[in-house]
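Chemist: Once you have looked at the hints, place chain B with the ligands on chain A.
There are 2 protein chains.
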Amino acid sequence: HCAMKRQNVRTLSLVVCTFTYLLIGAAVFDSLESQTEAKRWEFLQVLFTILIIDIGIRIKLCFHAVAVKNNFVKKYNVSTEDYRMIEIVIIENKPHKAGPQWKFAGAFYFATVVLAMIGYGHSTPTTVAGKLFTMCYAMVGIPLGLVMFQSIGERLNKFASVIIRRAKRASGARCTDATEMNLMLATGMLSSIIITTGAAVFSRYEGWSYFDSFYYCFVTLTTIGFGDYVALQNDQALTNKPGYVALSLVFILFGLAVVAASINLLVLRFMTMQAEDAKRDEQDAQN
Amino acid sequence: HCAMKRQNVRTLSLVVCTFTYLLIGAAVFDSLESQTEAKRWEFLQVLFTILIIDIGIRIKLCFHAVAVKNNFVKKYNVSTEDYRMIEIVIIENKPHKAGPQWKFAGAFYFATVVLAMIGYGHSTPTTVAGKLFTMCYAMVGIPLGLVMFQSIGERLNKFASVIIRRAKRASGARCTDATEMNLMLATGMLSSIIITTGAAVFSRYEGWSYFDSFYYCFVTLTTIGFGDYVALQNDQALTNKPGYVALSLVFILFGLAVVAASINLLVLRFMTMQAEDAKRDEQDAQN
Ligand SMILES: [K+]
Ligand SMILES: [K+]
Chain A
266 HCAMKRQNVR TLSLVVCTFT YLLIGAAVFD SLESQTEAKR WEFLQVLFTI
316 LIIDIGIRIK LCFHAVAVKN NFVKKYNVST EDYRMIEIVI IENKPHKAGP
366 QWKFAGAFYF ATVVLAMIGY GHSTPTTVAG KLFTMCYAMV GIPLGLVMFQ
416 SIGERLNKFA SVIIRRAKRA SGARCTDATE MNLMLATGML SSIIITTGAA
466 VFSRYEGWSY FDSFYYCFVT LTTIGFGDYV ALQNDQALTN KPGYVALSLV
516 FILFGLAVVA ASINLLVLRF MTMQAEDAKR DEQDAQN
Chain B
266 HCAMKRQNVR TLSLVVCTFT YLLIGAAVFD SLESQTEAKR WEFLQVLFTI
316 LIIDIGIRIK LCFHAVAVKN NFVKKYNVST EDYRMIEIVI IENKPHKAGP
366 QWKFAGAFYF ATVVLAMIGY GHSTPTTVAG KLFTMCYAMV GIPLGLVMFQ
416 SIGERLNKFA SVIIRRAKRA SGARCTDATE MNLMLATGML SSIIITTGAA
466 VFSRYEGWSY FDSFYYCFVT LTTIGFGDYV ALQNDQALTN KPGYVALSLV
516 FILFGLAVVA ASINLLVLRF MTMQAEDAKR DEQDAQN
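So the protein sequences, as listed, match chains A and B. Just so you know, the first sequence maps onto residues 266 to 552 in the numbering used here. Just so you know, the second sequence maps onto residues 266 to 552 in the numbering used here.
Read the hints as simulated data drawn from the structure, not as lab findings. A few of these clues could be false.
It does not matter which identical chain is meant; a pair holds if it fits inside one copy or across any two.
Unchecked claim - Simulated pairs of lysine to aspartate or glutamate, EDC-like, Cα-Cα distance not exceeding 16 Å:
#, residue 1, residue 2
1, Lys304, Asp546
2, Lys396, Asp493
3, Lys544, Asp442
4, Lys423, Asp442
5, Lys396, Glu541
6, Lys423, Glu547
7, Lys270, Asp549
Values in this document were obtained by computation on a predicted structure and should not be read as measured data.
Chain A on its own, in the form it takes in the complex (with noise of 0.2 Å):
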């Protein structure tokens, strides 16, 4: 089928085109944004020691705090355990443990996470030259990675669909065609395998509970992207460990392809009943 050959081409040209742009996208971000998170990075680094010599200071001198410390304590039945850890949340900072954002990987996995319209917002521009690229690079990048999902997603359902008539045709069934009801069901009990063997992997790896984990992959997937519980995000995994954020970004990329899928399936009958209708009308409006 050399018809057939012609949408596989479209389709992986397309997924070269993208990663084509992730690639430029990552260095470009790399080069605008790294200079300033590192001169921010080291003010940081300052801070941190003076407030951690701050509160060594404050907790030997400090009696009066103390006791409004141990009143809180006592009032609210929070463990002093808890309490420091209060502090040290308030104080830590949160880059500080990720690592530097806007290196080579975590660029890359900006310029994913921008294409994917999911905006984590763990990491943001904050230089001018960075935010007006982030809107240049959104504007090309949002619909080729629309169009790339898609793709891929119709790619999948007619992978589907064959092998759904094949299965029927090895039962001996009497109708051996791949309804839509069966690539619903397909694509919703693929997207189900991913969510939960991805949850498993990032408990795994990023110390969540499975629930948690589970709730982190199916807004990642569904693209809203809240930013409470981000992958990549501890000791330094952007740097540290290159193969799990290769499998995360797969994670991501794959899954919304299968999310895609299903969308495809649902939304674009949708659009074409409603294009059907407006034609239908225009026939009417003819005759």
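Modeler: For chain B with the ligands alone, kept in the frame of chain A given last:
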């Protein structure tokens, strides 16, 4: 035209459905999260008071810290006010400034942010029940939102094509058809008007620079939603400025519909192209 009415009725009923769904979501989120928030709120207020006292004591007693601070200020060329700002930013709790996030207006805002897949992350569910409901809510809400926005977008395109046709006829053009290029230009222009107007409004209300405000509008209407800038998070706007809340929500919902109109033209065209290829393949296979 009876058929014309049918599509309008469908779009309108989708809008009504979506608003009802948002109202229900707001009510549930309010009941699930408000209590936990209120507790945390009280907790933070006490913590805040303690920290203010701590700072007062620190400033009076901790000469060593002052020396370190002065050294830091000199070395990094930070003004003393800047240092004060940093201290305040670290200690200040953002929710404190924004006011309660899960009272009805805030919960409605959150439901909108989920349904439109923006996901700023300015407030996220903290209870297990809240997270669970968010997932169920998104599962139905996102397809509903997608179909509604696409539906409004399609109606907008139809409306634009009618206007373009009339304008062409009035100007006595030879070809009175509204081409796809014309439509793209029209939706592109409408999008620009909405973003530039929106940027002006938010810049005024939120105290952002025009550029930052434009960046916010762009990031919102592309549904990236980083959350580095979030409207309605100042001066307890969610509780104190109902008019501004309504304006922001209308901006988001109408803006997204216009963007959906552009994407409808762009992506739908690619998707139907792909679908037509598939159909042709099948016909080829049958012959
Ligand atoms: K998003
Ligand atoms: K987001």
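Chemist: Against each hint, give a clear statement of whether it holds in the structure.
Modeler: Evaluated hints:
| no. | hint | in the structure |
| --- | --- | --- |
| 1 | Lys304 to Asp546 | neither (62 Å within a copy, 57 Å between copies) |
| 2 | Lys396 to Asp493 | between (22 Å within a copy, 11 Å between copies) |
| 3 | Lys544 to Asp442 | between (28 Å within a copy, 15 Å between copies) |
| 4 | Lys423 to Asp442 | within (12 Å within a copy, 36 Å between copies) |
| 5 | Lys396 to Glu541 | neither (41 Å within a copy, 39 Å between copies) |
| 6 | Lys423 to Glu547 | between (31 Å within a copy, 12 Å between copies) |
| 7 | Lys270 to Asp549 | between (38 Å within a copy, 13 Å between copies) |
This entry does not satisfy hints 1 and 5, going by the numbered hints stated previously.
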